[in-house]
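Asks: Here the protein sequences line up with chains A and B, keeping their order. For the first sequence, the tail end lands on 306 under UniProt numbering, and the numbers increase by one without skipping. For the second sequence, the tail end lands on 364 under UniProt numbering, and the numbers increase by one without skipping.
FYI, nobody ran anything at the bench for these hints, they're computed from the structure. One or more of the hints may lead you astray.
Below are the DSS-like pairs computed for lysine-lysine, each with C-alpha atoms no more than 25 Å apart in a straight line [claimed, not checked]:
no., chain 1, residue 1, chain 2, residue 2
1, B, 200, A, 12
2, A, 88, B, 126
3, A, 12, B, 362
4, B, 359, A, 123
5, B, 14, A, 123
6, A, 12, B, 213
7, A, 88, A, 66
8, B, 83, A, 122
9, B, 359, A, 66
10, B, 213, A, 88
11, A, 219, A, 206
12, B, 362, A, 15
13, A, 63, B, 213
14, B, 113, B, 83
15, A, 122, B, 113
16, B, 201, B, 84
17, B, 14, A, 121
18, A, 66, B, 14
19, A, 172, A, 107
20, B, 213, B, 362
21, B, 213, B, 113
22, A, 247, A, 276
23, B, 83, A, 66
24, A, 219, A, 122
25, A, 122, B, 14
26, A, 121, B, 200
27, B, 14, B, 316
28, A, 289, A, 222
29, B, 113, A, 88
30, A, 88, B, 200
31, B, 113, A, 107
32, B, 201, A, 123
33, A, 66, B, 213
34, A, 121, B, 201
35, A, 15, B, 201
36, B, 359, A, 12
Far from chain A, by Cβ distances over 12 Å, these chain B residues were calculated [claimed, not checked]:
no., residue
37, 145
38, 208
39, 211
If you're wondering where the values come from, they're calculated on a predicted model, not measured in any experiment. All C-beta atoms, glycine included, are put in the ideal place defined by N, C-alpha and C.
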Amino acid sequence: MIKVTNVHKNFKEVKAVNGIDLHIQPGQYVALLGPNGAGKTTLVEMIEGLQHPDVGEIQIMEKRWKDHQEELHRIIGLSLQETRFVDKLSVLETLRLFASFYGLGGKRIQEILDLVNLEEKKKSFVVNLSGGQRQRLALGIALLNEPEILLLDEPTTGLDPTARREIWDILKSLKSSNNTTMILTTHYMDEAAYLCDKIVIMDSGKILAEGTLEQLLSKHKKGEVISFETNGPIPPDQLPGGDKIIKSVIEPVANKGEIIIEDLVSYLPSFLEFIKNQNLVLTSLECRKMTLDDLFIAMTGRHLNQ
Amino acid sequence: MIQQLSQLIGMHLKEFFREPGIIFWAILFPILMAWGLGTAFTKKNELIRTVALVDKQNTLSAREDFGRFFTGINPEKTAPLTKKIGNEKLGITTYKFERSSWEEAITMLKRGKISMVMELVEDSVKYHFDPVNPEAQLAYLQINGAFNDNNKTNQSDNISPLTQTGTRYIDFLVPGLMAMGVMMSCMWGISYSLIDKRMKKLLRRMVATPMRKSSFLIAQFVSRLLLNFFESALLLLFAYLYFDTNIQGSWLALILILIAGNMAFTGIAILVSCRTANTQVGNGLINLVVMPMMVLSGIFFSYHNFPDWIVSVIQKFPLTILADNIRSIFIEGAGLVEMGVPLLVLTGIGVVTFLSGLKVYKWY
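Just chain A, with the same shape it has in the complex (with noise of 0.2 Å):
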């Protein structure tokens, strides 16, 4: 369905995207995982044909921007990262501006109103809707030519939780009712992980790992997770059991720190002697299976939300 082959993109000196291949199957859920900057929203404004990669190659159903540009918008849907619409126009008319865009009549308007929960707000003005209700009305626009290809950017960002459900109820309604393919951008690995059969990890322009959620916790070793903040500074390099550890990260001026281990019960009792050895006490201290999160800063030694 969209095919990615080697594409890189530079800002100025910022490699922006730098290398990604990337191929999606029809009807797949896709969620693009990384901190900011990762080049996330790039690579999905390279595919909704908004910018052209430098180098490299983006086909969607074979197609390319360059020759196929008016049929590519009629076949997809999108939003952008925090658009704005106009601010004293009703919701009702906002639709009908976009809807007039693709030739489309009142009967499709009154569907997307009842899809994305806003017939009660439709006379209200974009200005004084919530940022809840701005975002489900973002969705209701990009749904309005029934797109086959979905590319949402940060659909979720900065809503409260029940918003966020309002959003994910939504996206999975439109799953099993539509054979709808999606890519959508997010920060929140529990997002990606509810939403999505298939999740590429992004930092830094390259994909880290891709894969569904299992497959993904199982690929990259099975790992365990013992997160701890002490009451004075820790010395990061004389942490024991050397080659056990995956990843450590610990934060010295907040005295914390993260240790992802092979084997947890065969480890803990070397670090709880280590910290007495050290003259430390535990303030907390919490044992997990390693979670996306977790898996992200194996690989890059930082948080996802940072």
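Based on the hints, put chain B in the right spot on chain A.
Replies: Coordinates of chain B only, in the frame set by chain A:
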């Protein structure tokens, strides 16, 4: 296509009429300006001017003939001295003479409260004023004339005031304000709306649909044109009702030149706003275009007092072309024939700036 266009035009018009602030500045402000300036420079019958009167040796009470000149003279020197000079046709100016010491008089002069000091010395009157200040010169001529009782030159026999329609200041002003209204409305309305939509990423969102870019820009032009006609019509109606201004030339010519003016300034506005996504940069760019024309193009006062070489430059500004031609339709009775060249020039400016703007236009 039609549906797209009407929705887009509707968007622009709703955006405009739902913002009370915009309506005030775009529609009421030019009318208020016409009223203010028109009143200030047209009705001249109730003028009061103050002159300082320095009378060190108390000549006023010694010489009866001096005393007779002023109204309101009394021994206590409390009531202000006045003198009415002029006649019905020219309008009457009431001069107020403020008795003061020399120092006080100079202070008043420096503060701009008075423009002339009148000094009484034993058997004559001395006038102190800046000879290049026309107001002071007029005061001198009037008072001196009245004082020497050669009021005859001020008699109205040989004066016939030009108050017929077309020769008053307001007749000069209204066409200029109409031209300025078109420029301001296009430059601020279109440039700002485009920059704002680009900043909000709305432009980017719109071009990610099958919307035609030409529809978007045509809608921008058409909605502005409608608004500007509405604005011009209101200004015209006001001027007609309040100042009795009317159009002596061809209405069709007026409509065409207004359309051409709209095209010119829409083109310029699109060119100005073709790259920036920052409203502050936009502000500067718009001012860069608007300010020189507003000051120089003879909207409020004729540009013919500038040196010749500057005048020849000024006459090439689109605002000058628009204002001068609207004015010639209004007050010289110009028709379609006279409009040929300016129509072509303004349309040409519009097309060239529009196309070059479109070429480098940043949609996202």
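Asks: Given the hint that residue 113(B) pairs with residue 107(A), does the C-alpha gap stay at or below 25 Å?
Replies: Not satisfied, since the Cα-Cα distance of roughly 72 Å exceeds 25 Å.
Asks: Sort out whether residue 113(B) lies within 25 Å of residue 122(A), counting only the CA atoms.
Replies: violated (61 Å)
Asks: Please verify whether residue 14(B) and residue 123(A) have alpha carbons no more than 25 Å apart.
Replies: holds (14 Å)
Asks: Residue 88(A) and residue 126(B) were given as a pair; does the straight-line alpha-carbon distance stay at or below 25 Å?
Replies: With Cα atoms ~67 Å apart, residue 88(A) and residue 126(B) exceed 25 Å; violated.
Asks: According to the definition I'm using, a residue is off the interface if its beta carbon is farther than 12 Å from all beta carbons of the partner; does residue 145(B) meet that for chain A?
Replies: Fine: 62 Å to the nearest Cβ keeps residue 145(B) off the interface.
Asks: Tell me if the straight-line CA distance from residue 213(B) to residue 113(B) falls inside 25 Å.
Replies: violated (59 Å)
Asks: Does the structure keep residue 121(A) and residue 201(B) at a Cα separation of 25 Å or less?
Replies: holds (23 Å)
Asks: Does residue 123(A) sit within 25 Å of residue 359(B), going by the straight-line distance between their CA atoms?
Replies: Violated, at roughly 38 Å.
Asks: Are residue 113(B) and residue 88(A) close enough, with their CA atoms no more than 25 Å apart?
Replies: Status violated; Cα separation ~49 Å.
Asks: Against the 25 Å threshold, does the CA-CA distance of residue 121(A) and residue 200(B) hold or violate the hint?
Replies: holds (22 Å)
Asks: Within a Cα-Cα threshold of 25 Å, do residue 63(A) and residue 213(B) meet the stated pairing?
Replies: holds (22 Å)
Asks: Checking the smallest CB distance to chain A, is residue 211(B) really beyond 12 Å?
Replies: violated (4 Å)
In terms of the numbered hints stated before, the structure departs from hints 2, 4, 6, 7, 8, 15, 16, 18, 21, 23, 24, 27, 29, 31, 38, 39, listed from lowest to highest.
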